[in-house]
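Respectively, the protein sequence lines represent chains A and B.
My numbering applies: residue 1 is where the first sequence begins, and numbers increase by one.
My numbering applies: residue 1001 is where the second sequence begins, and numbers increase by one.
The list that follows gives simulated cross-link-like pairs (lysine-lysine, DSS-like), each with its CA atoms no further than 27 Å apart:
#, chain 1, residue 1, chain 2, residue 2
1, A, Lys590, B, Lys1050
2, B, Lys1050, A, Lys667
3, A, Lys590, B, Lys1051
4, A, Lys667, A, Lys739
5, A, Lys218, A, Lys208
6, A, Lys88, A, Lys101
7, A, Lys583, A, Lys603
8, A, Lys603, B, Lys1050
9, A, Lys218, A, Lys136
10, A, Lys192, A, Lys499
11, A, Lys447, A, Lys511
12, B, Lys1051, A, Lys793
13, A, Lys257, A, Lys298
14, A, Lys739, A, Lys757
15, B, Lys1051, A, Lys554
16, A, Lys554, A, Lys590
17, A, Lys739, A, Lys511
18, A, Lys3, A, Lys257
19, A, Lys667, A, Lys757
20, A, Lys783, A, Lys667
21, B, Lys1051, A, Lys603
22, A, Lys757, A, Lys654
23, A, Lys757, A, Lys657
24, A, Lys603, B, Lys1108
25, A, Lys554, B, Lys1050
26, A, Lys667, A, Lys590
27, A, Lys218, A, Lys192
Listed next, the stretches of chain B that the computed footprint assigns to chain A, with coverage defined by at least 3 CB atoms under 8 Å from CB atoms of chain A:
#, segment
28, 1016-1022
29, 1031-1044
30, 1066-1080
Hints in this document: simulated from the structure, not taken from any laboratory.
Quantities reported herein were computed from a predicted structural model and do not represent experimental measurements.
Using N, Cα and C, we set each Cβ at its ideal position, and we do this for glycine too.
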Amino acid sequence: MQKLVVIGAGMASGRMLEHMFEADPQAYEVTLFNAEPRGNYNRIMLSPVLSGEKSYEEIVTHDDAWYADNAVTCRFGERITGIDRDRKVVISEKGETPYDKLVIGTGSAPFIIPCPGHDLPGVVAFRDLEDVDAMKTAAGSDGRAVVIGGGLLGLEAAAALRLQGMEVTVLHLMGHLMERQLDEAAGYLLKKDLEGRGITVLTGASTKAIMGEGRVEKVVLEDGTVIPADIVVMAVGIRPSVALGQAAGLEMGRAIKVDAQMVTSDPDVLAVGECVEFDGNLFGLVAPLYDQARVAAKTLLGEDDVFRMRELSTKLKVTGCDLFSAGDFADGEGREDIVFRDPGRGIYKRLVIEDDVVLGAVFYGDTADSNWYFGLIKDKTDISEMRDTLIFGPAYQGGAQVDPMAAVAALPPDAEICGCNGVCKSTITEAIGAGATDLGSLRATTKASASCGTCTGLVEQLLAVTLGEDFRSKEAGICGCTDLTHEEVRRLIKARELKSQTAVWQELGWKTVDGCHVCRPAINFYLLADWPLEYQDDLQSRFINERKHANIQKDGTFSVMPRMWGGITNPAELRAIADAADKYNVPTVKVTGGQRIDLLGVKSEDLPHIWADLNAAGMVSGHAYSKGLRTVKTCVGTDHCRFGTQDSTGLGIKLEKALWGSWTPHKVKLAVSGCPRNCAEATCKDVGVICVDSGYQIGVAGAAGMDVKETERLADVPTEQEAIDLTIAFVQLYRENAKYLDRPYKWVAKVGLDWVKERVVHDLDNRAALIERFAISQSVYQKDPWAEHAATKTDAYTPLSDFRLEAAE
Amino acid sequence: MMTTDWIDVGAFDAIPARGARMVRTPQGCIAVFRTATDEVFALDNACPHKKGPLADGIVHGNKVTCPLHNWVISLETGLAQGADEGAVETYPARVENGRILIEAAFLKRQAAE
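Using the sequences and the hints, build the whole thing.
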């Protein structure tokens, strides 16, 4: 009988032996080596063993009896140290074993991040039963575990350790969990689910070091965060175990190269599993490994078979986390998304379609139909006939085309349309008949869609069905990404405590994957205004002026404008500005209407340098490019003017020092005039203060742009401090409530000046609360972006590379 | 033969997700984009409308919005989207070992007018 030696008792080699014995039990005399002191068990079920949901015995694939029945000589716990292909023997610590055919199934080893402390006791991988035992020993009821790696394996380990009662933190380097299998929206839902189970998830978390005296005590991140830990589980990835194959001189790529028959560069040596490379591909999931096992068995028996790459799907084995992904779900030209979101039930489904074929799918929360979709992907089914209802699954296919309008038309009169306000269909159709022919008047008369707004689409469809051609959607959504208006989104961000863009996109049912240039800057502002401490400002969602802290000009150059507090400057600042203008060849220097100096025509790569120069002279960004506080224009007031009644320049400087750096829905300009002659033109500003003998007149909601409008009197106050308090409270109320890109005059026109007065002037507690919230926001955002960018972000202003010099050489 | 040459223009990590950087050539600049799904694209850095610097735009999906007048350009085809008409040149780009490679033809092209 021919001698077959198998190195590694894993899932691929185990399945291969099953196929082989099934087809021809007499073909080979088999010797099976395994470095682990046991036979083949179902490695993908290690997480239920770790959580205690299963025992080791339950996941054993081949027990002693199976090996005995098939006359396999088992040499478990015996490590192979070499292969001599000339003499056709494998070498172990106990001697040599000859073979006619050899199968290498050495699998893979966990990748350990080589950070300081990675070798401390208490740092474990999650790969075999020894690791699981180590973790179970450490998992005291009050133990703390840190899992590094938010991929499939890491999350399973985290969930299992949590079930064991440990306090678990997952550290993931990328922006969202399982980034190779999930898109951002599904990653967000997964994070939310895991957090719901008490697991702390930190994304964008880079591990700097693991520390401890004699054993693991804590993990330190690059950003300085320290997380106490009793064990650290490394689950960042695997690398093929190929040392044996390499030493034996087999042809290598990133792993042992095999052909479609699983044969290596030596015709008598085969390889299967995670240690092989086929056609440039490595393997980690079990499905292709089983295919390899089938082919390897056929090859050993002298039969023809071919291994082919095929579509793979992923499911996470964490009880209660329902997710599925398959195929290719990257965006692409000619590719279209069908996205279905049900925020209430935490469901997200996305299909990526190209040329009427489903290329990829990501599901979260409801994966019941995933097999059906996976079939469509694998078979490249033409879905053009069922496209309209595809996202609803197989139950909706076949039969007549479903018209969403027809579905609404078919609803019975007592069907509830608006759940928040309990409005049924007949109430709405009657109101439409009575003359409420647009969304606004329907909301006013029936309250339908006037609360959470999620039924707006249904109400509009009812309008369309009832009115036919006469209906036009009146209240438009922010952009093509959502039907919700700015005001609705703002309300929902607060009410549902949505604290990330991904949360907004998912919970509010965005129709695109990651928004567009219209909604992204707005949502970014709403989030940073409502959650200054929790939300991280996203530069990539900002218009270029705010991303680069300079005004882009029509030729792609930028303008630079330092702050001049209250319009006051001095010879040293002016010299520094003149020097900078010379040094950077600034073509135009202009005095602006806001009492400062603009340097126009600065090249992008010069920006950090000119800023550094101006910083060195004590100047900071004037935010002349921002939706934020621009200038506080002043007159000279009592300092010099014979008519001045108060220190208008001083108040202007105090206001500017209090408000600078704050982001607002649109730009905000202030002015303080020292007397009613109003030389600072305060009566057409967003907030304008007129000093009088008895104190200060605060006007708000003026305009001198596309519209010209005089300010309205908010209040008259006797003291400078009250003037400052009212101004700050007004700006904060505007920040918290206005629609993005509405100047204060537009916003006040919508909410009414009385509404503003009630909150800012009359309700003193509310005024104090507004001021306090503004102070919290300023603690984060009142910083000079020039200094920050000049110090840390200069790269962003320079070309990635420059080929002009090379070409000249 | 040129089509088989790829030129290393910089590190993938040097571009933030949903971001872009520009690369200078003797004939003008090209913009190199990285999408939310970590794909890279290379286009002439000049909007077909008024030559706006596309590398300074907001990247969403596989599109970029020009910072000057909000034209939306496909990163895949360089075609203006929606009602606008026009196109910018695109160059094959890919990532290998953490480096961004662009097909060498981008260095030999004619300058965008």
